Amino acid sequence: MPSSDRPVRTRSDLNALSEAVTVEACEPAFKGYLRIDRYVLRHALFGGGMGRPITRELLERGHAVAVLPYDPVRDAVVLLEQFRIGALGAGMGPWLLEVVAGIIDPDETAEAVAARETQEECGLTVTALEPMARWLSSPGCTTETVQLFAGCVESGAVGGIHGLDDEGEDIRPVVMPADDLFALMRDGGLDNATILIAAQWLALNRDDLRARWRGAAGV
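Per numbering that gives the first Met the number 0, residue 0 is the first one in the sequence shown, and the count goes up by one each step.
These aren't lab readings, by the way, just hints derived from the structure by calculation.
In the DMTMM-like style, the derived pairs of lysine to aspartate or glutamate whose C-alpha atoms are separated by at most 25 Å in a straight line are:
hint, residue 1, residue 2
1, K30, D106
2, K30, E107
3, K30, E143
4, K30, D164
5, K30, D165
6, K30, D104
Label pairs and their calculated CB-CB ranges:
hint, residue 1, residue 2, range
7, G159, G188, 21 to 31 Å
8, W134, S11, 17 to 27 Å
9, D206, V22, 43 to 53 Å
Keep in mind it's a predicted model, so treat the numbers as computed, not measured. Virtual Cβ for every residue (Gly too), placed ideally from N, Cα, C.
Required output: the full structure, derived from the provided sequences and hints.
In structure tokens, the structure reads:
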């Protein structure tokens with residue numbers, strides 16, 4: 000064990016090291032729609048030196064884009080109702096309220112995915128995109144990142160059932176006043192991280208975003 004009188008290193012110190020992590024083995028553990036690899040590795044310690052070998056399993060599923068469709072004229076958002084296996088497994092009601100989301104295909108930009116998924120999942124054309132945030136969805140077990148955008152839409156024609164038949168999607172888009180979304184957030188009515196982050200961002204930035212997008216549309 001490193002001596003307790005050594006200076007404690009910081010996250011920045013460790014990230015700057017050229018050999019902070021040594022991968023001793025990596026082998027596939029599962030491959031289906033998702034892939035899981037099993038690693039044996041050692042990493043640098045805050046107190047100095049390298050730790051003992053540890054085993055970690057890492058889920059590989061690519062990177063995701065999410066979009067909160069926002070209508071600046073009506074001051075409304077478009078949200079999706081759809082079935083999620085994760086909620087079922089967690090003992091929750093499996094039909095969730097979500098934002099638009101999809102996986103980035105090879106040679107596809109995040110912006111292109113945002114436009115494509117908004118069309119597929121709620122039948123709307125995005126006329127402008129505003130980056131909200133980007134984060135690791137669950138860094139303890141997966142490489143997946145989520146890039147979140149606000150998407151400028153006209154929500155008057157929202158309706159029907161959407162999604163791709165070959166992917167088994169059954170998606171119902173709903174229009175909701177932005178203030179109602181904020182009330183759900185305050186009352187604990189949002190139960191997944193992406194919609195919570197989107198709602199918090201919009202609550203902080205709505206006035207500026209609405210003014211810019213209404214101005215661009217000549218409203």
